[in-house]
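**Student:** If you're matching them up, the sequences are chains D and P in order.
Count the first sequence with this note's numbering and you get residues 30 to 297, in order.
Count the second sequence with this note's numbering and you get residues 96 to 371, in order.
Among the hints, a few may not be true.
[What the hints assert, rightly or not] Here are the simulated PhoX-like pairs of lysine-lysine, each with C-alpha atoms no more than 25 Å apart in a straight line:
hint, chain 1, residue 1, chain 2, residue 2
1, D, 179, D, 123
2, P, 239, D, 123
3, D, 179, D, 162
4, D, 89, D, 179
5, D, 148, D, 249
6, P, 335, D, 179
7, D, 249, D, 162
8, P, 335, D, 89
9, D, 162, D, 148
10, D, 162, P, 335
11, P, 239, P, 335
12, P, 239, D, 148
13, D, 272, D, 162
14, D, 272, D, 249
15, P, 239, D, 89
16, D, 123, D, 162
17, D, 148, D, 189
18, D, 232, D, 148
[Said to hold, decoys possible] Stretch by stretch, here's where chain P covers chain D in the computed footprint (C-beta under 8 Å, at least three residues):
hint, segment
19, 140-154
20, 239-245
These aren't lab readings, by the way, just hints derived from the structure by calculation.
Using N, Cα and C, we set each Cβ at its ideal position, and we do this for glycine too.
As a plain string of letters, each chain reads:
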Amino acid sequence: MPGVKIQSDSYAIELRDLRKSFRNSSGTQDVLRGVNLEIQRGETMVIIGGSGGGKSVILKHMIGLLHPDAGEVLVEGESVASAGHFDFSTIRRKMGMLFQMGALFDSMSVGENIAFALKEHHPDIPALSVEEKVATLLGMINLNPAFATKMPSELSGGMKKRVSLARTLALDPEIILYDEPTTGLDPITSDVINDLILDTQAKFHVTSVVVTHDMASAYKVADRIAMLYQGHIIFVGTPDQVKATDNPFVQQFIRGERRLNPVHPARI
Amino acid sequence: MARGLSFTSVIEATGEATFRALRLLVHVIVQVLSTIGELCVLTFQIVRLFPTVFTRRGRLLAVRQMMDLGVASLPLIFITALFIGMVATVSAKYQFQSMVPLRYLGTAVTQTVFLELGPVLIALVMSGRIGSSIAAQIGAMKEKEEVDAYWVLGLDPIRYLAVPRVLAGVVMMPTLTMIACFLALFGGWMVAVGTLGVTSFTMVTGMRLFFRSYILWVCVVKSASFGALISVLGFYHGFKSAGGARGVGEATMKSVVSSSVMILMFDFLITFLMLS
Numbered sequence: 030m031p032g033v034k035i036q037s038d039s040y041a042i043e044l045r046d047l048r049k050s051f052r053n054s055s056g057t058q059d060v061l062r063g064v065n066l067e068i069q070r071g072e073t074m075v076i077i078g079g080s081g082g083g084k085s086v087i088l089k090h091m092i093g094l095l096h097p098d099a100g101e102v103l104v105e106g107e108s109v110a111s112a113g114h115f116d117f118s119t120i121r122r123k124m125g126m127l128f129q130m131g132a133l134f135d136s137m138s139v140g141e142n143i144a145f146a147l148k149e150h151h152p153d154i155p156a157l158s159v160e161e162k163v164a165t166l167l168g169m170i171n172l173n174p175a176f177a178t179k180m181p182s183e184l185s186g187g188m189k190k191r192v193s194l195a196r197t198l199a200l201d202p203e204i205i206l207y208d209e210p211t212t213g214l215d216p217i218t219s220d221v222i223n224d225l226i227l228d229t230q231a232k233f234h235v236t237s238v239v240v241t242h243d244m245a246s247a248y249k250v251a252d253r254i255a256m257l258y259q260g261h262i263i264f265v266g267t268p269d270q271v272k273a274t275d276n277p278f279v280q281q282f283i284r285g286e287r288r289l290n291p292v293h294p295a296r297i
Numbered sequence: 096m097a098r099g100l101s102f103t104s105v106i107e108a109t110g111e112a113t114f115r116a117l118r119l120l121v122h123v124i125v126q127v128l129s130t131i132g133e134l135c136v137l138t139f140q141i142v143r144l145f146p147t148v149f150t151r152r153g154r155l156l157a158v159r160q161m162m163d164l165g166v167a168s169l170p171l172i173f174i175t176a177l178f179i180g181m182v183a184t185v186s187a188k189y190q191f192q193s194m195v196p197l198r199y200l201g202t203a204v205t206q207t208v209f210l211e212l213g214p215v216l217i218a219l220v221m222s223g224r225i226g227s228s229i230a231a232q233i234g235a236m237k238e239k240e241e242v243d244a245y246w247v248l249g250l251d252p253i254r255y256l257a258v259p260r261v262l263a264g265v266v267m268m269p270t271l272t273m274i275a276c277f278l279a280l281f282g283g284w285m286v287a288v289g290t291l292g293v294t295s296f297t298m299v300t301g302m303r304l305f306f307r308s309y310i311l312w313v314c315v316v317k318s319a320s321f322g323a324l325i326s327v328l329g330f331y332h333g334f335k336s337a338g339g340a341r342g343v344g345e346a347t348m349k350s351v352v353s354s355s356v357m358i359l360m361f362d363f364l365i366t367f368l369m370l371s
């Protein structure tokens, strides 16, 4: 495999020969065909790849929303698939996820969205502390505290994603997964989100996994970039290594060129 | 043509058609069994998480659902119930002809409304009102990844989305049905006194004749069961929906169809167990 694989004994997430297929009306579609990837504690790993290529499927395996057909997902060394209900809840509470469209609860205000999980996991927490935390988190995502009373339907796409990040941060996660954080946003708002990802990384020292096909975002936030192609990770490297690689598939993707002569990645 | 009807081709065509029919039958049986299994698991999870309604959040969510699903349905119940009573009265009067004394008109209407028409017709109407509403709400939430967000935040969506709705269904359906039954009696009384030439005294006396509290229990058991059915099936189909707006539409339709069929099946079962 081209690129540099950083050796570490302390992986936050490991994917071992991950395989997943989906059945649809036209037959079975093999989305992941043996994905291997190690993500170190504290790093920001960006997974790039074409639309519909299975990037979000990888994220959903990491957080246990999907279960692999074969292979293993290890979070902090613990297998997600073999964890019992209680253990898995514990694993999941270490993780947070920013969904593509924000996935805010429509029936709750912004403040309630941020405080909801916090109150449920810590029922004895004083209301004043919750309010303070909500105000702090709103400040962190550059939103006025007055936004706490607004409903999600009153927010723009970028604001929804920022509130979703605040909701995730309320639980002090050690790992944050970002599913297409800049998709559907204008370049300036996208940059605001990129800065938030970097700020979050700097302030909370979290492990971040970002799925995107926005190369500007990938270069800005990534410590390392992994490319998913036809169900395999075909390249892992730093942004500079990505730019310098002679891997034709990576070059084709980052330049946004049409694929002319597809070759199975096993041949690379 | 003659070649098409050769013995071998007829045998082959028959064999293939039989194979296809058998495969379809097996597929349908597997689907039905799988759905029943999933519904049993969901019901078990709802029952297991039921004590969570006694928490502050649980009470809040349950009350909100009772308002949305129950109180907001009152205008619909009001209209439906009045007409149920009116139709029951006219229909009973027609069947009596001159063979049954009119003092039994109120009796027939009361028994029919409390034992059968009230709980069943109100449940069928409510399956369209609240079953479809639950399926569409949950389906839309699933589509917008809100259901996944619950899991990701370490919270069980069954607890926050299913339990309050099922509780609201089980509590509000008997309440609404009771209100509906008394409104239906009022509707029946109006028609009997206003257009059928029956005196108010005769109608009310008939209504009180043979009235036992047991028929109220039958009515409550039926409507509570129907409330549970409608809300569980609405949630199940919403939770299983996939494929965007079309998936949500299908979930809504399946929720109404399946709860209507199940209401009729459970109606027979409860009637058989409590009245036979």
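**Student:** Compare the structure with each hint and give your call.
**Tutor:** How the hints compare with the structure:
no.: 1; hint: D:179 with D:123; result: violated, 28 Å
no.: 2; hint: P:239 with D:123; result: holds, 23 Å
no.: 3; hint: D:179 with D:162; result: holds, 17 Å
no.: 4; hint: D:89 with D:179; result: violated, 29 Å
no.: 5; hint: D:148 with D:249; result: violated, 34 Å
no.: 6; hint: P:335 with D:179; result: violated, 30 Å
no.: 7; hint: D:249 with D:162; result: violated, 28 Å
no.: 8; hint: P:335 with D:89; result: holds, 18 Å
no.: 9; hint: D:162 with D:148; result: holds, 11 Å
no.: 10; hint: D:162 with P:335; result: violated, 35 Å
no.: 11; hint: P:239 with P:335; result: holds, 14 Å
no.: 12; hint: P:239 with D:148; result: holds, 23 Å
no.: 13; hint: D:272 with D:162; result: violated, 40 Å
no.: 14; hint: D:272 with D:249; result: holds, 13 Å
no.: 15; hint: P:239 with D:89; result: holds, 15 Å
no.: 16; hint: D:123 with D:162; result: holds, 18 Å
no.: 17; hint: D:148 with D:189; result: holds, 21 Å
no.: 18; hint: D:232 with D:148; result: holds, 23 Å
no.: 19; hint: 140-154; result: holds (count 6)
no.: 20; hint: 239-245; result: violated (count 0)
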